[in-house]
Amino acid sequence: MAVSLNVIALISGGKDSLYSILHCIQNGHKVVALANLRPPPERVQEEEETGELDSMMYQTVGHQVIPLYAEALGLPLYRRVTKGTAVQTGQDYDTREGAGADDGIEDEIEDLFALLQEVKKDQPTANALCSGAILSTYQRTRVESVALRLGLTPLAYLWQYPLLPPPQDGSGHDIRPDSLTGLLDDMAAAMCDARIIKTASAGIPERMLWSNVADSRARTQLVSRMARFYPDQEAGLRCAVLGEGGEYETLAVCGPPAVWKKKIEIDPDQIKTISEAGGACYAILPPATLSPNGDVDAATTGDLVRRPGMFDAQFRHLLDTDRPQAPLLTDLAGAGMQQQEQPAVLLEPLAPLGGASMLTHGTHVVLANETAPDAGDDAASQIEGIYANLKRKLEAQSGSDSSCALTMSNAIFCLLLLSNMDDFAAVNAVYARMFPRGQPNPPARVTIAVNNLPPKARVSLSVIVDARDRARRRALHVQSRSYWAPANIGPYSQAVNEGLHTSAVPLSPTRRQQQQQQRRPWSAELIHLAGQIPLVARTMQLPPSSQSFHFHAVLGLQHLWRVGQEREVDMWPWGVAFLTHGGGANSLNAKVGSSHTFPANTLPTESESTAAQQGQAAAETNHQHQHGNNHSHPPPLLIANVATLPLGAPIEWWSTGLAHLATAEQEKERVQIEVITCSETAYAQHATVFSSNPGVGVAHTHTIDDPSIQRTIFTAIFIPTNTTTSGPTIQDIIDSAIRSLEHATNK
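If you count the sequence shown from 1, you need to add 776 to reach my numbering.
Because the hints were derived from the structure by calculation, they are not lab data.
C-beta: ideal position from N, C-alpha, C; glycine also.
Among the hints, erroneous ones may be present.
Said to hold, decoys possible - The calculated DSS-like cross-link candidates involving lysine-lysine, where the alpha carbons are at most 25 Å apart (straight line), are: (1) K1232 / K1169; (2) K806 / K1037; (3) K859 / K897; (4) K896 / K806.
Said to hold, decoys possible - Here are the computed distance ranges between Cβ atoms for each label pair: (5) K1048 / D945: 43 to 49 Å; (6) T1065 / R855: 15 to 21 Å; (7) P817 / G1214: 40 to 46 Å; (8) G946 / P817: 50 to 56 Å; (9) P953 / R1246: 40 to 46 Å; (10) P1230 / R1209: 20 to 26 Å.
Take the sequences, apply the hints, and build the full model.
Here's what the structure looks like:
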């Protein structure tokens, strides 16, 4: 059963922050307080003269109405004057450097930290913090930073909401069709009333000021007005109609009576409108009042607030379709590709884990199979010993140049093996201390328990280190609960993007300028992903034990898929499914399936240099808007039986992705991909992408000849460049993965 949390709700007055309160209640939590940062008096004077205030983090328009929310919702409201400004303007927030700048100015997010400290003193039972972040990584990461420093669980139930499937009723049927205005539709169903008080787009006319965005007519107008800016970009349109690119801002004035005891009244005849250059305009509001909001017992929030469906369309299809008993033949790749009718199955147990080894290649160092059985009998002592060994080896590798010293901060992927999953909490506490406190974007990680560690070893750690400038790292580290995918349950990122080396061929001035504007130093990227177990994202708990293994497998695969889509993965070289099958000596130690898991290609990717572009890029590769081309080959799947998985999950999915390959192809560059990673024993792989060919190809694998590397789980793949038949559909690929998985588990 999900644990009920006591939530502090951050409110700005906008539609999203107030609507997120309803989702907290719908998910069984109790909202105990409201929190808001208000501008200082001198900036209020500025607003009276100019009509608005600016903050990169908070909505400031309509701030004078905020005090009324306490009585309207029947909740205590805590406010604090914000003194800081946006010192750190990147996507991520680093608390090691963020509290102050050279001139003594604090970052505005530290004002929020101080405010919430006050709230916690007055509300000692509070243990969670909710925000209305939808697609803004900038906003979400800062709220998460503050929440976690204060011991609060971050909640962001609207995260990625426009990209999620429609809500469903108890019978599994969609309550509404997939819609460009889906979030606004659901707000309308929940009796929300949020008025437009500022526009920043020439597409939204002045007469729409004070329109209720949840009203059907306003929704229709927003779509028609914004559509001309996104003629062929449905995803961008979905974001624009929500105002995610700053197209407009709103003021929430009413909601369901069970939560909104009173409604905010503002005389529309007393509203002044100010027009600015470029079609922007804003409202200057007269004093607001409160009035009763009808029968508070008319409807509960549970009757009104819709939750997105758990499964995307293609994953729902897997649950709704009877499973075939035979695996899908691997004939999806087209002419000239070798086919197998049955998956290969390795029945023998794997050899014991090999000794520690180190591989250096270019800017990378791979430290594989590190153990420290002599450090102590318990797992915590051994992981401390492993950390000491890693520091010593990295220092030796760094040489005498202290400015280029390698540390665990340079790690981009870790594989953590335990002899007993009961040691996870103790090991995880030490593992977290390997990385500087407050530094964002730790490495992606896979954690499993195995039976083949060396004698007396309780822990093994393998690490991939990238010596290049960490400041250029791009990563996905979602720590908030949402409907989208699980928050991380340890100090690791869901994905880390590693820029790939390109050839010495210089970029054109235009392309170089585009890369600088997008803050992307490389054309192509290798995406290191964390393992994904089938947690229910909104509760961070496993599904009920009554759910089938098939249900768990589909849910876990969807999590990995969604993370990959947010990272704009163009190709999945392989997939791994770790299974627990009783964990005893009689169970198989490995099953290798040569069927398929993930799509080999997606749409070309776009920049995500702004919050709106982030949402657009994520949506453009969303499942409902993908279209594969005619040159694709689904990658292989390895299925390995292990002793235990985190939280006792029955399956964990893992893969690595390649992103932005289409960009490399368009530039006609030869991109040398140095794929160096580790498996249960460690492996390394070299491959080359030739984008000058009609299609993108990956050369066959060759495993590095090293006695310490006992086994490779990377299977060679190649995307045919001369195939004229249609490639596999997304549904074919996912369906094939589940068929192969079920075939292997039934062997």
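Evaluated hints:
no. : hint                      : in the structure
1   : K1232 / K1169             : holds, 22 Å
2   : K806 / K1037              : holds, 16 Å
3   : K859 / K897               : holds, 21 Å
4   : K896 / K806               : holds, 15 Å
5   : K1048 / D945: 43 to 49 Å  : holds, 45 Å
6   : T1065 / R855: 15 to 21 Å  : holds, 20 Å
7   : P817 / G1214: 40 to 46 Å  : violated, 32 Å
8   : G946 / P817: 50 to 56 Å   : holds, 52 Å
9   : P953 / R1246: 40 to 46 Å  : holds, 45 Å
10  : P1230 / R1209: 20 to 26 Å : holds, 24 Å
Checked against the numbered hints above, the structure violates only hint 7.
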